[in-house]
Structure formats: structure tokens, C-alpha cells
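These protein sequence lines map, in sequence, to chains G and L.
Here our numbering is used: position 86 in the first sequence is 86, and no number is missing along the way.
Heads up, our numbering is the position in the second sequence plus 334, with the first residue counted as 1.
Hints should not be assumed to be uniformly reliable.
What the hints assert, rightly or not - Non-contacting residues of chain G with respect to chain L, defined by C-beta distances greater than 10 Å in every case (computed):
#1 L25
#2 S28
#3 I43
#4 D58
#5 V61
#6 E80
#7 L161
#8 T207
#9 K251
#10 P252
#11 G267
#12 N307
#13 E331
To be verified - Derived coverage of chain G by chain L (criterion: at least 3 residues anywhere in the stretch with Cβ under 8 Å from a Cβ of chain L; other residues may be distant):
#14 4-14
#15 179-189
#16 221-235
To be verified - Below 35 Å or equal to it, Euclidean Cα-Cα: the simulated DSBU-like pairs (lysine-lysine) are:
#17 K517/L - K14/G
#18 K275/G - K479/L
#19 K183/G - K561/L
#20 K275/G - K517/L
#21 K517/L - K479/L
#22 K171/G - K516/L
#23 K375/L - K227/G
#24 K479/L - K171/G
#25 K376/L - K479/L
#26 K260/G - K348/L
#27 K561/L - K145/G
#28 K505/L - K44/G
#29 K288/G - K542/L
#30 K622/L - K336/L
#31 K594/L - K183/G
#32 K348/L - K14/G
#33 K24/G - K42/G
#34 K275/G - K251/G
#35 K375/L - K171/G
#36 K622/L - K208/G
#37 K505/L - K288/G
#38 K356/L - K171/G
#39 K2/G - K41/G
#40 K164/G - K516/L
Because the hints were derived from the structure by calculation, they are not lab data.
For every residue, glycine included, the Cβ atom is placed at its ideal position computed from N, Cα and C.
There are 2 protein chains.
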Amino acid sequence: MKLGIIGATGAVGKVFLDLLPKSKLNVSELRLTASERSIGKKIKYNNTDYIIQENSEDFYVGLDYVFSSASAEVSKKAAEKSKKHNAIMIDDSSEFRMNEDVPLVVPEINSESLKSHNGVVAIPNCTTTPLAMILDAVRSEYNLKRVIVDTYQAVSGTGNLAIKELLDQTKHYLDNGTISDKKNVYSHNIGLNLIPHVESPLDNLYTKEEMKMLYETRKILSDPELKISATCVRVPVIRCHSESINIEFDKPPNINQISKILNQYNGITVLDDIKNDLYPTPLFGEGKHDIFIGRLRNDISNENAINLWVVSDNLIKGAALNAIQILEVFEKIG
Amino acid sequence: MKLGIIGATGAVGKVFLDLLPKSKLNVSELRLTASERSIGKKIKYNNTDYIIQENSEDFYVGLDYVFSSASAEVSKKAAEKSKKHNAIMIDDSSEFRMNEDVPLVVPEINSESLKSHNGVVAIPNCTTTPLAMILDAVRSEYNLKRVIVDTYQAVSGTGNLAIKELLDQTKHYLDNGTISDKKNVYSHNIGLNLIPHVESPLDNLYTKEEMKMLYETRKILSDPELKISATCVRVPVIRCHSESINIEFDKPPNINQISKILNQYNGITVLDDIKNDLYPTPLFGEGKHDIFIGRLRNDISNENAINLWVVSDNLIKGAALNAIQILEVFEKIG
Numbered sequence: 001m002k003l004g005i006i007g008a009t010g011a012v013g014k015v016f017l018d019l020l021p022k023s024k025l026n027v028s029e030l031r032l033t034a035s036e037r038s039i040g041k042k043i044k045y046n047n048t049d050y051i052i053q054e055n056s057e058d059f060y061v062g063l064d065y066v067f068s069s070a071s072a073e074v075s076k077k078a079a080e081k082s083k084k085h086n087a088i089m090i091d092d093s094s095e096f097r098m099n100e101d102v103p104l105v106v107p108e109i110n111s112e113s114l115k116s117h118n119g120v121v122a123i124p125n126c127t128t129t130p131l132a133m134i135l136d137a138v139r140s141e142y143n144l145k146r147v148i149v150d151t152y153q154a155v156s157g158t159g160n161l162a163i164k165e166l167l168d169q170t171k172h173y174l175d176n177g178t179i180s181d182k183k184n185v186y187s188h189n190i191g192l193n194l195i196p197h198v199e200s201p202l203d204n205l206y207t208k209e210e211m212k213m214l215y216e217t218r219k220i221l222s223d224p225e226l227k228i229s230a231t232c233v234r235v236p237v238i239r240c241h242s243e244s245i246n247i248e249f250d251k252p253p254n255i256n257q258i259s260k261i262l263n264q265y266n267g268i269t270v271l272d273d274i275k276n277d278l279y280p281t282p283l284f285g286e287g288k289h290d291i292f293i294g295r296l297r298n299d300i301s302n303e304n305a306i307n308l309w310v311v312s313d314n315l316i317k318g319a320a321l322n323a324i325q326i327l328e329v330f331e332k333i334g
Numbered sequence: 335m336k337l338g339i340i341g342a343t344g345a346v347g348k349v350f351l352d353l354l355p356k357s358k359l360n361v362s363e364l365r366l367t368a369s370e371r372s373i374g375k376k377i378k379y380n381n382t383d384y385i386i387q388e389n390s391e392d393f394y395v396g397l398d399y400v401f402s403s404a405s406a407e408v409s410k411k412a413a414e415k416s417k418k419h420n421a422i423m424i425d426d427s428s429e430f431r432m433n434e435d436v437p438l439v440v441p442e443i444n445s446e447s448l449k450s451h452n453g454v455v456a457i458p459n460c461t462t463t464p465l466a467m468i469l470d471a472v473r474s475e476y477n478l479k480r481v482i483v484d485t486y487q488a489v490s491g492t493g494n495l496a497i498k499e500l501l502d503q504t505k506h507y508l509d510n511g512t513i514s515d516k517k518n519v520y521s522h523n524i525g526l527n528l529i530p531h532v533e534s535p536l537d538n539l540y541t542k543e544e545m546k547m548l549y550e551t552r553k554i555l556s557d558p559e560l561k562i563s564a565t566c567v568r569v570p571v572i573r574c575h576s577e578s579i580n581i582e583f584d585k586p587p588n589i590n591q592i593s594k595i596l597n598q599y600n601g602i603t604v605l606d607d608i609k610n611d612l613y614p615t616p617l618f619g620e621g622k623h624d625i626f627i628g629r630l631r632n633d634i635s636n637e638n639a640i641n642l643w644v645v646s647d648n649l650i651k652g653a654a655l656n657a658i659q660i661l662e663v664f665e666k667i668g
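Could you build the full structure based on these sequences and the hints that come with them?
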């Protein structure tokens, strides 16, 4: 497999390069590109130095696959070049996700949709993937009626600069006891604070991020009527998105059965024994491939509903690992 | 008014002493007590040094009112002594809140319940107060059907030692790039992490904190059938609790009307214009008396429901201010 990576120096790109040698992929040639300021820099991969190349036409010549973790704008241009040179692009941006001819894939759920594509395959937003996996697991026994989800999202979802902003602002407070007035990435301080605003707002007063959780989940689950209301909140955590999810079914759920269904699902581990302080936290989830579920319980306000808490490494299953798993499916189906 | 404060050196006690000179209360004598290790220490109040006294019988002699912000156990013993000496105790612990002869009061909602008591008045848990105020405001026009709430709770709700633990663990990470293995207050690290576990778990797998939000709100609103499902999460924030709240009514709500109703309610300010990055954050809410609402919108998953985000200073309206307002009502009604 000849593979190119766009955004190789970014938060997701680094994790992709970390996971690649441990994957089932046999990469015969690897090319890396990133934004202008990184061109010429060296990156160590499998004990070899790779130089960040320019994202020009040449980059794509002869590649089988391209993984792009960049802005929607960069991915749009990259897709044109990738298609021209007959590579298949796995895209982590929001640019193509809702296009009819673009499969939006979580391999545990809908890898069969990879059979038909137009040169671009999209991976979901990092908050969508764990939600969709959970809903896919439980819908095997219970019809989904309505989902309410509140997120607790790590700053690495925004990228390396956001991690720096969190750490700089936090350090400023620890050193001075005052709030830093320096902010470049977010519109409010994130150090020791919360920002209930992820991506730009829309006319219905939800944000783009919140609506992604609805539209992407509907597409992945092929359930266009599914009802989801999301509230997305940025929290002062470096890595791993957490979500508090309320799911309403059309009949009363058996919580033990749901726990079993979830734990048996590929890529999900249930860690749920609060009496022994057992439930996932972001620090626990960091670096792990599975998504982790705790706080599973019947909803006392509605006999047909449940509550649960999920933690998922936004850079791993939320991004890089999901892309690698898609490449593994491609290699398998030829 | 002769006033005693139990827990004067704690997170809430300090804020109480800060707010007291700015209140309508005319305090002719002030006595302070706290835990054993603080006895004999001096506290500056209104430019005068006060010495932390022992929490003995003598402390209560001649007092009109006692404010207690301590453990349930300390409050229980204090109530006995307070009653014996005919003082009225305003209690911030969970010990008495659900007792039938103890008013549980948010003055904006149910100050009339102060007319009958047995020497003890309780203030609600710091997550309950903002929720109850919001529900009281909107129920003037809409019948409440079901509430789902996820909290984002600051560590100062646990006390001064939890603030230290958050800062120490965060500093350790910033200095070393590794996770601190020192934790005394919480069962998991809270520095740059989340803990979906506030207070001990119950048989129904909710925690005590989560069930307080149900039972206390029902009592304050005199609405014993109200349906609330809460998930309580500790976040790496020093001060101000935030809550993402979904409220279902029995008819479709007019969101502009709800915004007006909320903003006109005593003690609530709506700050809601996400297109201009306007919504409350914990750092914004710190030190402020009002509770603040943003992200108000119709729920796309249910035409009878709304979503909103609230930030409330857990030490002010969530504790000290609410107690002072109760004392002000007592002074007014004599």
C-alpha cells in the first residue's frame, strides 16, 4: 500500500503515525504532507526520517490511499488531486461527510457502505463515532425513540494549538492567581473553565458540531428519522471526549441485557461499578482503542429510557484508528 | 442580630463573611467556629480580627441565628445545641433538608415556608438551587413534564482541600508532563480530567447528589410528582457549577417568551447570543450573585422541549448568598 498523510504533524496525524505500525496495513511507501510552515521538517516513523513534503500534485502520483486530517478547505482541494491520480482519500474533515456519494463509515457499523464510493470516504466527527456505536449496539434489541446527549469535549479535538492554549492559560493561573488575557484559539478562556460552544452557531441556535451529531449519526445508522438533541461543551481536558447520553426506547429496557449487548459489541468495553469507583474518565481512556461505558442505569424520569457515560479517545477511535480500520477493510475486500 | 457561623474557614464560610457586610443584615455580634484545627486562628472581618472559637455549648448562648456550612454530622450536633439555646440554624448540609418540619428554601421561590419551622431551616444543594429557580420561572407559563440535567461541577463544592488537589495535580502535569499519583479528596485525578461521580452511589445506580436534585427540587417547588433525571460530573474548574438542562413541557414552548420569563425572574440573568460568543462560563459567573442562562433553544428532538445552559456560583447563590437572603427574610418578617 502506497499511503499519503495530509496533516501529518497535527494532533490526529501524529496519532495516525503512532498506530500505523501496529495495524494490519502493509505500507510499502509513505508520504507525509502538512501545512506550509511544516514543509521540510523531519518526522521519525519506524526509525526512519520522513520529510514533510509540499501538498502539490506530485504528492499524489502513484498513491493508493490518502488520509487527510486537515481543514474542510484543505480536504476539498486534496480530494480533487487525489481523485485525479486515482487514490482513495479517507477524510477526517466535515467537507464531504453528508455527500450522497461519500460513505461515512464506522467499520463496526457500516463497512459494507465502502463497496460504493467516488474516491472519497469520510470518517465521522469525533463525538459522533462513540454515540453511533452505542446506538448501533442497543438497537439490536430496542427501537430508538429519542436521544439527548451532553458532551464534555477535550481541546485536542481542536488541534495542537488548543492544547497549548489550555496549558498556557492554566500555567498563567497557577503562576499568578489571575486569568490570562491571552487567547487565540477559543473565544473564551478554556483554562479551568468551560465553553458551551463548539463550532459556529446555526439558525436553529444549535451549533454545527451539535447538528453533526444528529445528521452524521442518522447517515451512519441509515436511520433518517432518528431524533437526537446534542449540547456540545469544551472542557479543560487534553484528550478524550466524554458524553452523558440519555436514550429513550419504545419499551422498558433491561439494564443488565443492555450492559451485555454493549460489552459484546466490537470496540466497546463496559467499565461500570460505581460502588467500587469504576467508570471511565478521560485520563483512563487516553491512548486506548476501545470506547468505554460507565454509569449505565435506568432513567428514573422515564421507564423506557436509560442513562450512560462514555469516554472515547477523540484522536484514536474518534479519528486515526477509525481511518486505519477503514483502510484495513479496503485491503481485505481488495 | 447576633449571628454564629459554623465552618467559618471553609470555602462557603469565607464567601459568607465576604457577602455579609454588603447584605441588609445588621449584625451586632458575630461568633465564628470551625473544625478543631482552626480553633484559635484569627479571621479578619470588617477590619476587625475574630478568633475561631470552640464549637461548644457556650458558642450558642444568646445567639439569634446560626449559619452552618459543615458536614451532615457536625450540623446534626450543632442543631441540637442551637435549638437548646433558641437560635435558628440555617443549614447548608444535607442532614435536615428532607425532614418534614424543616423548610428547604430558595427565597425567590418559597420564602413563605419560613413561617413554620422547628429551629432549623435548610438551604438546597448547590446544583439544586439554579435548577429549581429555572423551573419555577418557566412553570408560570408551562407545565413541567420531565427534566434531564447533566452537571459540570466545580471542585469548590467539595471544599478547600479539593481546590488544592485540583491545583496540585494540574501543576504536577504542567511541571512533569505526567499524571500525579497523589489524590486524597477524590477517588480519581481531577486535574485535567473529569469524574462522573459526585457523592456515594445508591441502589438505583444514581448517586446521592443526583437524587438530591430530584428530591430537593420536588420539595422546593411543592411538586411531588416532578420527573427529573440527573447525571452529576465533577470538572476541573475551581468555582461555579454549570448545568445543561433539557425541560419537556406539555405543549410547544415559545422560546422568546421563555427567555423573557427567565430574564425577568429575580436572580436570573439571560446572557444568550451565541452568534456574538455570548453565553455564561464558570470564569464569568465567579463572584456574581445572579445565575446566568445561555444556549436557550427549542429541542429539535421534541417539539415540547427546550435546552439551556446555566452557570451559578456554587459558593454564592449555591450556598452563602441563599443563606443570607433567608436571614434577610427572617429580619423582615420579624
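Comparing the hints with the structure gives:
The Cβ of L25/G sits about 30 Å from the closest Cβ of chain L, beyond the 10 Å cut-off, so the non-interface label holds. With a cut of 10 Å on Cβ distances, S28/G stays outside the contact zone with chain L, its closest approach being about 35 Å. With a minimum CB-CB distance of about 20 Å to chain L, I43/G clears the 10 Å threshold, and the non-interface call stands. Distance to chain L confirms D58/G as a non-interface residue, since its nearest Cβ pair spans about 38 Å, more than 10 Å.
Its beta-carbon lying about 40 Å from the closest one in chain L, V61/G satisfies the requirement of being farther than 10 Å from that chain. Listed as a non-interface residue, E80/G keeps its Cβ farther than 10 Å from every Cβ of chain L; the least gap is roughly 32 Å. A cut-off of 10 Å between C-beta atoms confirms that L161/G is not in contact with chain L; the least separation is 17 Å. Listed as a non-interface residue, T207/G fails to keep its Cβ farther than 10 Å from every Cβ of chain L; the least gap is roughly 7 Å.
Taking the minimum C-beta to C-beta distance to chain L, about 18 Å, the non-interface status of K251/G holds against the 10 Å cut. The Cβ of P252/G sits about 14 Å from the closest Cβ of chain L, beyond the 10 Å cut-off, so the non-interface label holds. The beta carbon of G267/G is kept farther than 10 Å from every beta carbon of chain L, the shortest such distance being approximately 20 Å. Non-interface status of N307/G relative to chain L is broken: a Cβ of that chain comes within 10 Å, the nearest being about 6 Å off.
Every beta carbon of chain L lies more than 10 Å from that of E331/G, the smallest distance being close to 36 Å; the non-interface claim holds. Here the stretch 4-14 of chain G counts 0 residues with a CB under 8 Å from a CB of chain L, which misses the bar of 3, and the coverage is violated. Against chain L, the stretch 179-189 of chain G contributes 4 residues with a C-beta closer than 8 Å to a partner C-beta. That satisfies the three-residue criterion, and the hint holds. Counting residues of the stretch 221-235 of chain G whose CB lies closer than 8 Å to any CB of chain L gives 6, which reaches the minimum of 3, so the coverage claim holds.
For the hint linking K517/L to K14/G, the alpha-carbon distance of about 31 Å falls within 35 Å, and the restraint holds. Of the pairs offered as hints, the one joining K275/G and K479/L holds, with about 31 Å between alpha carbons and a cut-off of 35 Å not exceeded. For the suggested pair K183/G and K561/L, the alpha carbons sit about 41 Å apart, so the restraint of at most 35 Å is broken. At most 35 Å may separate the alpha-carbon atoms for a hinted pair to count; K275/G and K517/L meet this at roughly 18 Å.
This hinted pair does not check out: K517/L and K479/L have alpha carbons roughly 41 Å apart, beyond 35 Å. At most 35 Å may separate the alpha-carbon atoms for a hinted pair to count; K171/G and K516/L meet this at roughly 19 Å. Restraint check for K375/L and K227/G: not satisfied, since their Cα atoms lie roughly 58 Å apart, outside the 35 Å limit. For the proposed pair K479/L and K171/G, the alpha carbon gap of about 45 Å is over 35 Å, so the pair is violated.
A hinted pair counts as satisfied when its Cα atoms are at most 35 Å apart, and K376/L with K479/L does not qualify at roughly 51 Å. Between the alpha carbons of K260/G and K348/L the distance comes to roughly 48 Å, so the proposed pair goes past 35 Å and is violated. Using a Cα cut-off of 35 Å, the hinted pair K561/L and K145/G holds, with the two alpha carbons roughly 19 Å apart. For the suggested pair K505/L and K44/G, the alpha carbons sit about 30 Å apart, so the restraint of at most 35 Å is met.
The suggested pairing of K288/G with K542/L holds, with an alpha-carbon distance near 31 Å, which does not exceed 35 Å. A distance of roughly 27 Å separates the Cα atoms of K622/L and K336/L; the hinted pair therefore holds under the 35 Å criterion. The hinted pair formed by K594/L and K183/G meets the criterion: a straight-line CA distance of about 32 Å does not exceed 35 Å. Our distance criterion of 35 Å between C-alpha atoms is broken by K348/L and K14/G, whose separation comes to about 47 Å.
Restraint check: the Cα-Cα separation between K24/G and K42/G comes to about 25 Å, which is no more than 35 Å; the hinted pair holds. With a C-alpha separation of about 28 Å, the suggested pairing of K275/G with K251/G holds against the 35 Å cut-off. Under the criterion of a C-alpha separation no larger than 35 Å, the hint pairing K375/L with K171/G is consistent with the structure, at around 31 Å. The hinted pair formed by K622/L and K208/G meets the criterion: a straight-line CA distance of about 31 Å does not exceed 35 Å.
For the hint linking K505/L to K288/G, the alpha-carbon distance of about 25 Å falls within 35 Å, and the restraint holds. For a cut-off of 35 Å, the pair hint linking K356/L to K171/G stands: about 33 Å separates their Cα positions. About 21 Å separates the Cα atoms of K2/G and K41/G, which keeps this hinted pair within 35 Å; it holds. Between K164/G and K516/L, the direct Cα distance comes to roughly 24 Å. Compliance with the 35 Å bound is thereby established for this hinted pair.
Hints 8, 12, 14, 19, 21, 23, 24, 25, 26, 32 from the earlier list are contradicted by this structure; the remaining hints agree with it.
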